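Take the given structure of chain A and dock chain B to it, following the hints.
As given, the protein sequences belong to chains A and B, one line each in that order. Take 0 as the starting number for the first sequence in numbering that gives the first Met the number 0 and just add one per residue. Take 0 as the starting number for the second sequence in numbering that gives the first Met the number 0 and just add one per residue.
Check before you lean on any hint, since a few could be wrong.
[As the list claims (entries may be wrong)] Here are the simulated BS3-like cross-link-like pairs (lysine-lysine), alpha carbons at most 25 Å apart as the crow flies: (1) 140/A with 78/A; (2) 172/B with 140/B; (3) 350/A with 234/B; (4) 353/B with 270/A; (5) 50/B with 172/B; (6) 234/A with 350/B; (7) 234/B with 234/A; (8) 270/B with 259/B; (9) 234/B with 315/A.
[Unchecked claim] Some chain B residues judged to face chain A by a derived CB distance under 10 Å, without partners named: (10) 200; (11) 272; (12) 276.
Source of the hints: derived by calculation from the structure; they are not laboratory data. Predicted, not measured: the structure shown is a model, and the values here were computed from it. Yeah, the Cβ is synthetic: ideal placement off N, Cα and C, and Gly gets one too.
There are 2 protein chains.
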Amino acid sequence: MSEATNAFIEQNQSRFLNELKDFLRIPSISTLPDHASEVRRAAQFVADSLKNAGLENVEIIQTARHPLVYADWLHAPGKPTVLLYGHYDVQPPDPVELWTTPPFEPVIRDGNLYARGSADDKGQMYMHVKAVEALKAVNGKLPVNVKFLIEGEEEVGGESVAKYVAENPQKLKADVALVSDTALYAEGVPTLCIGLRGLIYTEIEARGPARDLHSGLYGGAAPNAVFGLVELLSKLKDEDGTIQIPGFYDDVEPPADAEKQSWASLDFDEKQYLAREVGSSALTGEPGYSVFERTWARPTLEVHGIAGGFTAAGAKTVIPARATAKVSMRLAPKQDPEKIVAAYKKFVREKTPKGIETEVRVLSASPAILVNPDHPAIHTAARAFRDILKRETVFVRSGGSIPIVGDFARHLKIPTILMGFGLPDDGLHSPNEKYKLANYYAGIMTVAHFLELYGQ
Amino acid sequence: MSEATNAFIEQNQSRFLNELKDFLRIPSISTLPDHASEVRRAAQFVADSLKNAGLENVEIIQTARHPLVYADWLHAPGKPTVLLYGHYDVQPPDPVELWTTPPFEPVIRDGNLYARGSADDKGQMYMHVKAVEALKAVNGKLPVNVKFLIEGEEEVGGESVAKYVAENPQKLKADVALVSDTALYAEGVPTLCIGLRGLIYTEIEARGPARDLHSGLYGGAAPNAVFGLVELLSKLKDEDGTIQIPGFYDDVEPPADAEKQSWASLDFDEKQYLAREVGSSALTGEPGYSVFERTWARPTLEVHGIAGGFTAAGAKTVIPARATAKVSMRLAPKQDPEKIVAAYKKFVREKTPKGIETEVRVLSASPAILVNPDHPAIHTAARAFRDILKRETVFVRSGGSIPIVGDFARHLKIPTILMGFGLPDDGLHSPNEKYKLANYYAGIMTVAHFLELYGQ
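Chain A on its own, in the form it takes in the complex:
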């Protein structure tokens, strides 16, 4: 990359860090209604940052829920246009008592920046802003046209941005999207993610008796909403984790042989993965599939939370009237979310135990994504990555779901470069989320370098 840009980024590291810390201090938890004003404050912070970086047409766009932030710089005629996407909202920090330091008071320990949102996604999104700022400051202009679209609902389904993309294809027209919301395969390994699983997120509510009943007086005759829900949920998967919904696996597309071979060549120690990352006594999952296949290419079903009845300290002998669970399914390429939702609802209806009523609420549903690794922008991104990290770029998938990538493909007809700088142990959505500082700076460099190369 240009030496001047390089020098600018190095000279401004401590300012770039302090600004990010200010950003991380805003508890922009999108799922909590009483944090709405904090979410708005984070949107304003993003808008101000974009203005300061030299972007134009900066807008805070009101939506049905949390605002979007848009900005652009379109003075590179004949050059391609890059759509830079990120999100400024974060997951709740619970359980707060497991954090070593408070989630919204960023601190550095051992070269890592600890805070909720440091890696997912404030720290990564902010790299884009700083890369553009550096290029603009050094050259007075940018090597390509850029559009920023930053949302505040990524952690709660991203409905507003999906609607906005669908309704504004002309305004958002671009050649490629760049998203930094993923991780390096391992420390120092340039990694482009070309596949994402889809996600269907639901709630199931089970109701039994009209009110909580005394379990001594009614136990043996009255249905129990908690046990009814437990029975129902237990039928969704067998002991191996194979989902029991009829037709669920019909359209699952397996990875190409070349992809599977490349995964087999990745450095992976299952024992270490179990001990250091997962921390349980054993791994689980479908027999006959590698961990990569199980977490990147196979569909799954998880219960994220369950609640019902008496759960305080001590003993209370009630037959609970009501219980709820959060249940999601990750989808493989080619699985149709609508078809799966219908099969899931039918299964729940048919397996609901006697005496229990159930209701399924679908919170979101989006398909899996697969990007063509031979697209020119992907090639350029791989080169930029290699130039900065000095190693060959690897292509992986992620088991996670980034619905916006599907929206960009569907409505803007463009591929997305998933160029993330997190690390596998960053603790996204967990206590003590962190982001490696060196990766923050390397990310700014790589993004700037990619934009330079892509403009040549």
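For chain B alone, coordinates are given in the frame of chain A:
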């Protein structure tokens, strides 16, 4: 009963009512630490009432938590001794907004006395005091020896009274215990409860990954503590409610044919029970057993509450590290709590899914109680009941557990007469608890008459 006693009780009805109202005005909520002084005030009220009734050796006994009240009158040599038990503490009144009139301002509506504790158990306990007072006032002496033991922790586990009974068998020596803390089977039907189920109350904790994990990144390989607990719990019972723990039913003693026949003769409308009491779409339970058998004589297993993972509004995609459930078993006569606890723990250990660790904590374990209906004191109680209510006495069981009855059996080697005057719709532990006034007066008569007959 003697006409003089009868006349005394009738002439003093309004005074007996006013005194009970004063008693009910004391908010002696045992579970709330900031109500401890009110609980003490209620103990003092009981002690004063006993003194005024002519009892001797009245004591307020301090314990680790709330005081016991003891009193006796032992001047009937050659006559049996009756131990009268009751409790002066009450449940919290929440939700207060659902009460038509304030819970601690007793009022009469439609022949019912509305107040927290009116039926459970102040109103019923106070009948004993008034019955003894009437006999003493009319005859100058009592037909039997009596000992009162009144506690203030019944609604919070009754630990202090259990300890006191275990440590003072000589002081509490008696031939039979009399407890009025149950209900008539229906309006006007003299009812003696001769069976109570036992209770084992436990908590199960399940642990999976070391911390909550991102379900996109780890779903398919990492064990899920909530799903693991769900799988485990679902194995404890089959779809009919039959408990799957090996050996669980080995020692279950079925009710005698005579008992079953008498239950079959009770007025019972299953449709009305389902619609008015349970309020679910169907009843559940073991096939081939009546509702009475299922709720009175068969053991059961219930999950009272479950908690784990993310349960707030919205979507969070975690694989939970931890989940807990409260699980109890009601025991039938002859089932040994220790043996059942061991079988239960073994089952949980063996059925814990791969990758999950479970821990079982036993909070309490007490056996079922069955009183011999041919015991002379039970015969006498049935006769007293029939004489006052002018109908044949029925013998029922309750599916609930009254641990003090087990303590009396174990430490004092005496049976307990469960002679209650509540009604099934009194709303114990609920808003608008009531006690039918006619039953309060009939209860005083019946208890006095029982003591007269038992002394003959």
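- Broken hints, by number: none
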